[in-house]
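Sequential numbering from 1 applies to the sequence shown in UniProt numbering.
Please note that a few of the clues may not be correct.
[Said to hold, decoys possible] For each label pair, taking beta carbons as the anchor points, the in silico distance ranges come out as:
1) 156 with 109: 16 to 24 Å
2) 142 with 66: 21 to 29 Å
3) 128 with 150: 34 to 42 Å
4) 16 with 130: 34 to 42 Å
5) 35 with 13: 27 to 35 Å
6) 109 with 131: 20 to 28 Å
7) 88 with 131: 18 to 26 Å
8) 125 with 9: 12 to 20 Å
9) 55 with 148: 19 to 27 Å
10) 28 with 131: 36 to 44 Å
11) 110 with 31: 34 to 42 Å
12) 62 with 125: 32 to 40 Å
13) 35 with 59: 38 to 46 Å
[What the hints assert, rightly or not] As a list, the in silico SDA-like pairs of lysine to any residue whose alpha-carbon atoms are at most 20 Å apart:
14) 92 with 37
15) 152 with 116
16) 92 with 116
17) 132 with 85
18) 12 with 85
19) 55 with 85
20) 55 with 24
21) 62 with 31
22) 12 with 96
23) 17 with 33
24) 62 with 32
25) 57 with 16
26) 57 with 127
27) 36 with 91
28) 17 with 5
29) 6 with 58
30) 17 with 109
31) 17 with 152
32) 57 with 85
33) 55 with 32
34) 57 with 37
These aren't lab readings, by the way, just hints derived from the structure by calculation.
Beta carbons: idealized from backbone N, C-alpha and C, even for Gly.
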Amino acid sequence: MIPLRKFVKIHKVLQTKVARVLTAQITSAIHFIHSKEVFLRDLNSENILICSDGKAKISSFKHSVCAETSQGLHGHFFYQAPEVLSGEICNKTADWFSLGVCLYEMVMTHTPVENHCWRHNIKFRGLDYYGKIVVLLNCTYYIPKVFPEDLKQALGDLLNKVCILISV
């Protein structure tokens, strides 16, 4: 088993068919987890494992809670929903946002925030905590025009943001 992040780096850019299959598997797992009243709070490409048979598995429940809502930042910055970053009370929809970031990463090989920082020459690692929050909350989610329409729709739905379509 290898983390999704490493799987993506090895394969460079995943074919959209592979991204769809993995996203469907992760979606099924999230539905099951949510049906048990568990809120993940830290879904990211490091704790989604890809097995040798191609199946995706969620591997970390370190920040999970049995609650309808939660408050506070838990897990990796790049995968957190805006309401989490703003310190608002959030619910399980934050897990769906995180899945959207993972889908974007599967197809683009990096997260939307990494893309935003690269495009705007922002040195994210050099920022303090609040600087990072500002960048994350103001991040533009660029989606190339070459994306298949169903992936654009899925990303828009999962990220719940207006996606800017550009040519890359």
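A quick look at each hint next to the structure:
1. The given range of 16 to 24 Å is respected by residue 156 and residue 109, whose C-beta atoms sit roughly 20 Å from each other.
2. In this structure, residue 142 and residue 66 break the distance hint of 21 to 29 Å, their C-beta atoms being roughly 36 Å apart.
3. Between residue 128 and residue 150 the beta carbon distance is about 39 Å. The supplied range of 34 to 42 Å therefore holds.
4. Distance hint check for residue 16 and residue 130: the Cβ-Cβ separation is about 37 Å, which falls inside the suggested range of 34 to 42 Å.
5. At roughly 33 Å, the beta carbons of residue 35 and residue 13 sit within the given window of 27 to 35 Å.
6. Between residue 109 and residue 131 the Cβ separation comes to about 25 Å, which falls inside the hinted range of 20 to 28 Å.
7. With their beta carbons about 20 Å apart, residue 88 and residue 131 fall inside the hinted range of 18 to 26 Å.
8. Between residue 125 and residue 9 the C-beta distance comes to about 18 Å, which sits within the given range of 12 to 20 Å.
9. A C-beta distance of roughly 23 Å is found between residue 55 and residue 148, which places it inside the suggested range of 19 to 27 Å.
10. Between residue 28 and residue 131 the Cβ separation comes to about 37 Å, which falls inside the hinted range of 36 to 44 Å.
11. Separation of residue 110 from residue 31 is about 27 Å and departs from the stated range, judged on CB atoms against 34 to 42 Å.
12. Distance hint check for residue 62 and residue 125: the Cβ-Cβ separation is about 23 Å, which falls outside the suggested range of 32 to 40 Å.
13. The given range of 38 to 46 Å is broken by residue 35 and residue 59, whose C-beta atoms sit roughly 19 Å from each other.
14. A distance of roughly 9 Å separates the Cα atoms of residue 92 and residue 37; the hinted pair therefore holds under the 20 Å criterion.
15. A distance of roughly 17 Å separates the Cα atoms of residue 152 and residue 116; the hinted pair therefore holds under the 20 Å criterion.
16. A distance of roughly 25 Å separates the Cα atoms of residue 92 and residue 116; the hinted pair therefore is violated under the 20 Å criterion.
17. For the hint pairing residue 132 with residue 85, the CA-to-CA distance comes to about 10 Å; that is within 20 Å, so the pair holds.
18. Proximity of residue 12 to residue 85 is assessed by CA-CA distance (about 29 Å); at most 20 Å being required, the pair is judged violated.
19. Distance restraint check for residue 55 and residue 85: the Cα-Cα separation of roughly 31 Å exceeds the 20 Å cut-off, and the hinted pair is therefore not satisfied.
20. For the hint pairing residue 55 with residue 24, the CA-to-CA distance comes to about 10 Å; that is within 20 Å, so the pair holds.
21. For the hint linking residue 62 to residue 31, the alpha-carbon distance of about 18 Å falls within 20 Å, and the restraint holds.
22. Taking the CA atoms of residue 12 and residue 96, the gap is about 24 Å. The hint is violated against a cut of 20 Å.
23. Proposed proximity of residue 17 and residue 33 is contradicted: the alpha carbons are some 24 Å apart, above 20 Å.
24. Distance restraint check for residue 62 and residue 32: the Cα-Cα separation of roughly 17 Å lies within the 20 Å cut-off, and the hinted pair is therefore satisfied.
25. At most 20 Å may separate the alpha-carbon atoms for a hinted pair to count; residue 57 and residue 16 meet this at roughly 19 Å.
26. The suggested pairing of residue 57 with residue 127 is violated, with an alpha-carbon distance near 33 Å, which exceeds 20 Å.
27. Simply put, residue 36 and residue 91 have alpha-carbon atoms about 14 Å apart, close enough for the 20 Å limit, and the pair holds.
28. With a C-alpha separation of about 17 Å, the suggested pairing of residue 17 with residue 5 holds against the 20 Å cut-off.
29. Pair hint residue 6 plus residue 58 holds up; C-alpha atoms about 15 Å apart against a cutoff of 20 Å.
30. The suggested pairing of residue 17 with residue 109 holds, with an alpha-carbon distance near 15 Å, which does not exceed 20 Å.
31. Note on residue 17 and residue 152: the hinted pairing holds, with a Cα-Cα distance of about 14 Å set against a maximum of 20 Å.
32. For the hint linking residue 57 to residue 85, the alpha-carbon distance of about 26 Å lies beyond 20 Å, and the restraint is violated.
33. Proximity of residue 55 to residue 32 is assessed by CA-CA distance (about 16 Å); at most 20 Å being required, the pair is judged to hold.
34. As the CA atoms of residue 57 and residue 37 are separated by approximately 18 Å, the hinted pair is consistent with the 20 Å bound.
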